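**Student:** Full structure from sequences and hints, please.
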Amino acid sequence: MAENLIQRAILVGISKSNEQLNSCKISLRELAELLDTAGGEVAGELIQIKSSYDAATCIGSGKVQELSELCNNEKANLVVFDNELSPSQIRNIEEKLDGDVRVIDRSMLILDIFALHAKTGEGKLQVELAQLKYTAPRLIGKGAELSRQGGKIGTRGPGESQLESDKRHLKRRIDALEAELEQMVRTRMTMRAARDRSGLPKIAIVGYTNAGKSTLLNTLTDAGVLSENKLFATLDPTTRRLTLADGEDVLLTDTVGFIRNLPHHLIKAFRSTLDEAAYSDIILIIADITDPECSEHLKITQELLETLGAGDKPTVIAYNKCDALETPFIPNTDNSVAISARTGEGIDSLLQRLLFIIRNSKRRLTLLFPYDAQSELNSLYAVAKVEDVNYTDTGAEVVAILDKKTEGKYKIYIKNDK
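Numbering (my numbering), first residue to last: 1 to 418.
Please keep in mind that the hints were generated in silico from the structure rather than gathered at the bench. From a predicted model like this one, the values you see are computed outputs, not experimental measurements. Heads up, a few of these hints could be off.
[Unchecked claim] Computed list of lysine-lysine pairs in DSS-like fashion (alpha-carbon distance at most 30 Å, straight line):
no.: 1; residue 1: K313; residue 2: K405
no.: 2; residue 1: K50; residue 2: K16
no.: 3; residue 1: K411; residue 2: K385
no.: 4; residue 1: K385; residue 2: K405
no.: 5; residue 1: K50; residue 2: K75
no.: 6; residue 1: K268; residue 2: K119
no.: 7; residue 1: K313; residue 2: K404
no.: 8; residue 1: K25; residue 2: K299
no.: 9; residue 1: K202; residue 2: K299
no.: 10; residue 1: K268; residue 2: K405
no.: 11; residue 1: K299; residue 2: K411
no.: 12; residue 1: K404; residue 2: K202
no.: 13; residue 1: K25; residue 2: K50
no.: 14; residue 1: K385; residue 2: K415
no.: 15; residue 1: K202; residue 2: K50
no.: 16; residue 1: K133; residue 2: K96
no.: 17; residue 1: K133; residue 2: K119
[Claimed, not checked] Restraint ranges, calculated between C-beta atoms of paired labels, are given here:
no.: 18; residue 1: R168; residue 2: G344; range: 38 to 46 Å
no.: 19; residue 1: G311; residue 2: N360; range: 18 to 26 Å
no.: 20; residue 1: S86; residue 2: A373; range: 27 to 35 Å
Every residue gets a Cβ at the ideal spot worked out from N, C-alpha and C, and that includes glycine.
**Tutor:** Here's what the structure looks like:
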């Protein structure tokens, strides 16, 4: 690998108190994984215990001097802060560091990884828009070269050439991207509506990044989705059909992984992608049972689902990688199973649990729509699977499969069970 692509980084964390020091160290370990995914290597770590951020340098002038010495001693050319930095903080820190050392923050590093892994047109546009809105104002220190040829962590991606442009050009580019993305969002909504009309249950596979979501989708459907032992290996959602044991077809969607302290602006930028969870009928959470932070990862995942408006969905938790445990793991709730997406262990139990939820969430009903209520019948096609329509003297008699929410909406037209 060329020298300008190998970046040795000092990771910087801030703990508000001694009591929060362990949490800070855990977050820095995750930051190290992010750096590895981006192609960099950890040269050292620095933790500042400080009750509040310093307005000028975040960690204070004395700690910046210590950081400068650490960069020199470890021959580091990059500094990554675990918290967000303002443009002035980046500039002030870089000015106090000897040599050509760049400073970025956690959000900029995540955006860089997103730039590496975006494959679809929508994904690339989302990355570029997020970079322009967040990264461009912060890449101001020491006149860093922002060309694609540099390929440095925190600078690459579909939109880096735009970062060299003036503010008016950036504003025009942002407006154009937002308009193009809005059209893509409408297209995605049309695709979702088509999936709704199919009447097939929609299952969103969610969970902490690198928990094994893509591996599970590949195991179940031969989807061919990139599956790597890296954070955010999957950015663009993939939907595949799966036939369950009784012939019931479902739609499985792999989604972008969650992570602690996922910045709000990234949730907003990738809202149309993350909303796959909100539009699903069932949430399938994948958790890495071998990770010491498994319980914390589940908590973070459930908090993000609440943020996305998907916290009340029927949920199954699949504790993945159970084949790597020395002793068997037995989940203690009815809505959780132990599996290995790699070997297939526990997959049958998982599918049976999903089928149980599906069977208990939908019913086949007969409805009678009077001829003066045909608009209601037309709207039914968008939210239920209509199996048969028979026009009688009193109206249109319809056999359809409805979930509980739709059943409540059309309650006055229900004739009897079929």
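**Student:** Now tell me if each hint is right for this structure.
**Tutor:** Tested hints:
1. As the CA atoms of K313 and K405 are separated by approximately 12 Å, the hinted pair is consistent with the 30 Å bound.
2. At most 30 Å may separate the alpha-carbon atoms for a hinted pair to count; K50 and K16 meet this at roughly 5 Å.
3. The straight-line distance between the Cα atoms of K411 and K385 is roughly 16 Å, inside the 30 Å bound, and the hint therefore holds.
4. Of the supplied pair hints, the one linking K385 and K405 holds, its CA atoms being roughly 14 Å apart against a limit of 30 Å.
5. Distance restraint check for K50 and K75: the Cα-Cα separation of roughly 26 Å lies within the 30 Å cut-off, and the hinted pair is therefore satisfied.
6. With a C-alpha separation of about 19 Å, the suggested pair K268 and K119 falls inside the 30 Å cut-off, and the hint holds.
7. Pair hint K313 plus K404 holds up; C-alpha atoms about 12 Å apart against a cutoff of 30 Å.
8. Pair hint K25 plus K299 holds up; C-alpha atoms about 18 Å apart against a cutoff of 30 Å.
9. Note on K202 and K299: the hinted pairing holds, with a Cα-Cα distance of about 23 Å set against a maximum of 30 Å.
10. Taking the CA atoms of K268 and K405, the gap is about 27 Å. The hint holds against a cut of 30 Å.
11. For the hint linking K299 to K411, the alpha-carbon distance of about 37 Å lies beyond 30 Å, and the restraint is violated.
12. Of the supplied pair hints, the one linking K404 and K202 holds, its CA atoms being roughly 15 Å apart against a limit of 30 Å.
13. With a CA separation close to 14 Å, the supplied pair K25 and K50 stays within the 30 Å bound.
14. Under the criterion of a C-alpha separation no larger than 30 Å, the hint pairing K385 with K415 is consistent with the structure, at around 17 Å.
15. Of the supplied pair hints, the one linking K202 and K50 is violated, its CA atoms being roughly 46 Å apart against a limit of 30 Å.
16. Our distance criterion of 30 Å between C-alpha atoms is met by K133 and K96, whose separation comes to about 26 Å.
17. With a C-alpha separation of about 20 Å, the suggested pairing of K133 with K119 holds against the 30 Å cut-off.
18. Between R168 and G344 the beta carbon distance is about 56 Å. The supplied range of 38 to 46 Å is therefore violated.
19. In this structure the supplied range 18 to 26 Å holds for G311 paired with N360, their Cβ-Cβ distance being about 20 Å.
20. Look at S86 against A373: about 58 Å separates their beta carbons, and that is not inside 27 to 35 Å.
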